[in-house]
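There are 2 protein chains.
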Amino acid sequence: MIGKEKKLAIYMEGNLDSIYAKMGYGVMRYSENPIVCVIDSDYSGKKVNEVIDQPFEIPIVASVGKAIEMGAEVMVLGLAPTGGKLPDTWVNDVEKALTLGMSLVNGLHDLLGERFAHLLNTDKPEQVIWDVRKPLTDYAIARARASALTNKRVLMVGTDMAVGKMTAGLEVYKWIREQGISSDFLATGQIGITVTGKGIPLDAIKVDQACGAVEHLVLEAQDKDIVFIEGQGSLLHPGSTATLPLMRGSCPTHLILCHRGEMSTLRDVTDIKIPPFNEVIKLNEAVAHACGSFPKAKTVGIAVNTSKLNESEALQVIEKIEKETGLPVTDVVRFGAEKIGRALL
Amino acid sequence: MIGKEKKLAIYMEGNLDSIYAKMGYGVMRYSENPIVCVIDSDYSGKKVNEVIDQPFEIPIVASVGKAIEMGAEVMVLGLAPTGGKLPDTWVNDVEKALTLGMSLVNGLHDLLGERFAHLLNTDKPEQVIWDVRKPLTDYAIARARASALTNKRVLMVGTDMAVGKMTAGLEVYKWIREQGISSDFLATGQIGITVTGKGIPLDAIKVDQACGAVEHLVLEAQDKDIVFIEGQGSLLHPGSTATLPLMRGSCPTHLILCHRGEMSTLRDVTDIKIPPFNEVIKLNEAVAHACGSFPKAKTVGIAVNTSKLNESEALQVIEKIEKETGLPVTDVVRFGAEKIGRALL
Chain A
529 MIGKEKKLAI YMEGNLDSIY AKMGYGVMRY SENPIVCVID SDYSGKKVNE VIDQPFEIPI
589 VASVGKAIEM GAEVMVLGLA PTGGKLPDTW VNDVEKALTL GMSLVNGLHD LLGERFAHLL
649 NTDKPEQVIW DVRKPLTDYA IARARASALT NKRVLMVGTD MAVGKMTAGL EVYKWIREQG
709 ISSDFLATGQ IGITVTGKGI PLDAIKVDQA CGAVEHLVLE AQDKDIVFIE GQGSLLHPGS
769 TATLPLMRGS CPTHLILCHR GEMSTLRDVT DIKIPPFNEV IKLNEAVAHA CGSFPKAKTV
829 GIAVNTSKLN ESEALQVIEK IEKETGLPVT DVVRFGAEKI GRALL
Chain B
529 MIGKEKKLAI YMEGNLDSIY AKMGYGVMRY SENPIVCVID SDYSGKKVNE VIDQPFEIPI
589 VASVGKAIEM GAEVMVLGLA PTGGKLPDTW VNDVEKALTL GMSLVNGLHD LLGERFAHLL
649 NTDKPEQVIW DVRKPLTDYA IARARASALT NKRVLMVGTD MAVGKMTAGL EVYKWIREQG
709 ISSDFLATGQ IGITVTGKGI PLDAIKVDQA CGAVEHLVLE AQDKDIVFIE GQGSLLHPGS
769 TATLPLMRGS CPTHLILCHR GEMSTLRDVT DIKIPPFNEV IKLNEAVAHA CGSFPKAKTV
829 GIAVNTSKLN ESEALQVIEK IEKETGLPVT DVVRFGAEKI GRALL
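The listed protein sequences correspond, in order, to chains A and B. Note that the numbering used here has the first sequence beginning at 529, numbered continuously upward. Note that the numbering used here has the second sequence beginning at 529, numbered continuously upward.
I should point out that these hints are in silico values taken from the structure, not numbers from a laboratory. Don't be surprised by glycine CBs; every beta carbon is placed ideally from N, CA and C. None of the hints are false.
Cβ-Cβ distance ranges computed for the label pairs, FRET-style:
(1) B:K662 x A:R795: 32 to 40 Å
(2) B:S546 x A:E852: 53 to 61 Å
(3) A:L873 x B:E866: 55 to 63 Å
(4) A:T650 x B:E748: 49 to 57 Å
(5) B:K801 x A:R795: 34 to 42 Å
Now the stretches of chain A that chain B is said to cover, found in silico as 3 or more residues with beta-carbon under 8 Å:
(6) 728-740
(7) 763-770
(8) 820-829
Start from the sequences and build out the full structure, keeping to the hints where you can.
This is how it looks when you write it as structure tokens:
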């Protein structure tokens, strides 16, 4: 974990405009830490919003040394490539950052804590290598302890993987917080963990301990009136297991269904069609409730990711789903989170 | 893995009558390997059925040396204690067995392969230490490949953990095989893996890979007309994740629901009542089908574990559930598996 006051540099050397840069973009969009710069020598001297279609006026510098001059205390690796390996071309800069006293935040599958431990300065106890994806502890077997809590527990679910559950959750969470409501966002994936400074890497946890890990997370935040639990996977995806431990560990009281506006099938398994929304909602609510064994979870809205559509297409899709389900539907990034947020008050 | 012709000794020193002996009993009941003896010096000279209430006429001997004299080639550790550690008092005999050339089968969480590797005879390549609970490989992300198969895939599900899903599955599988039908039992826990010589330790696999591991298992057995997939956990248990990857990986066509006759609540979480059977059946079928995304799985029968009831109580419970659900219901250990097996033909 990294204190909220620590100054970050996001390391994206050669990759600021890569399709694997979503870790970096997530940190730019949602981290509460000050971000002093992005490191990518291809674009040094410019600002991020001059290079890519993202609204961040963050200066880009050419080197680790320059980032430290600007006050950076923590280097965040901004890439999430398939396979999750540290690129060989990054090793020198990682070693340099550690030698010069920076902390390192690593969301790759490749764990770096042991590999580079010898570079940590022994007289600097606050310098750490944080492998975000490394499960921290053993968790107790879950016992539905969350069902005894009186707060609202909002679980993000999806029609597919990678439809924007984290982003939608963070946007609605931000809106709720702005209303002065005591609230928290509970991260379950590496980007969310990096952004919020805490959470659990659910995908990397053993089947046996998955529910217990989620329960632990939810109990830790029990003093908050509304908690948002970052979703993973989908009940409809043949490769996805995470929905069940998320539901059992958190005992959700509310669900927000997330969907990618242009999709009529799963992205990876295109012969699986997205079923009618009302059926998907019913299935998710049935699993959460489990024949009365757990709290009744009500679906309060549908967050549609319309980033691949123009504005008029986006509005059409939203209207169609709204008519079909009778629920508040919107793209919370494009049109704001109020419409869905209000349904939680 | 251990060849089916290898002769086994089951090591239960000081524990033949322990509550943690279910690993040993499972091997005695279901292993296809010849079992030459049980090792427990407390009862040497007797047979197993003279010591405990289990129908096995297996001789008990006092030492590893004696087992080897009788032809034993493989020593199976017969204990599954809470925590899964190797008892200190067993270390000497494990070392002795390995030094004298026996293979070792270990179902404990404690992995022994590395710890004792130096004792393996380098000129004896068939001598192995098999840590049954160690996940073997990385698995591909599941893509519902099993849904394209034309065989019957029977998944065991439960109203709770530890209700006898493995035993019921093995009994129905045995009956089906006796009818001359090409069939297989796919193990997903340490006892089933030991007994059948293959399978996946689902609880120890990462959430990310769980569906893929099950899919791998089911695809390997695709030439069989009926496959039984050993169940784990329960959709109703707050600490259980395994039902979802089992359903997604296997795309079951049939379900057998397992229940412990005397229970009206979960065993570990007693404030969760077992819901009406028809609702449990509906929920399991709904999750398996996922709004039409996967094959429709039909529940063909209910296997009730009545080991805690006398025969008249057992028959009463069975009749009651049969009336409630209209399905074939029986205790497959006590009354035979034919009643449920026939429903699969």
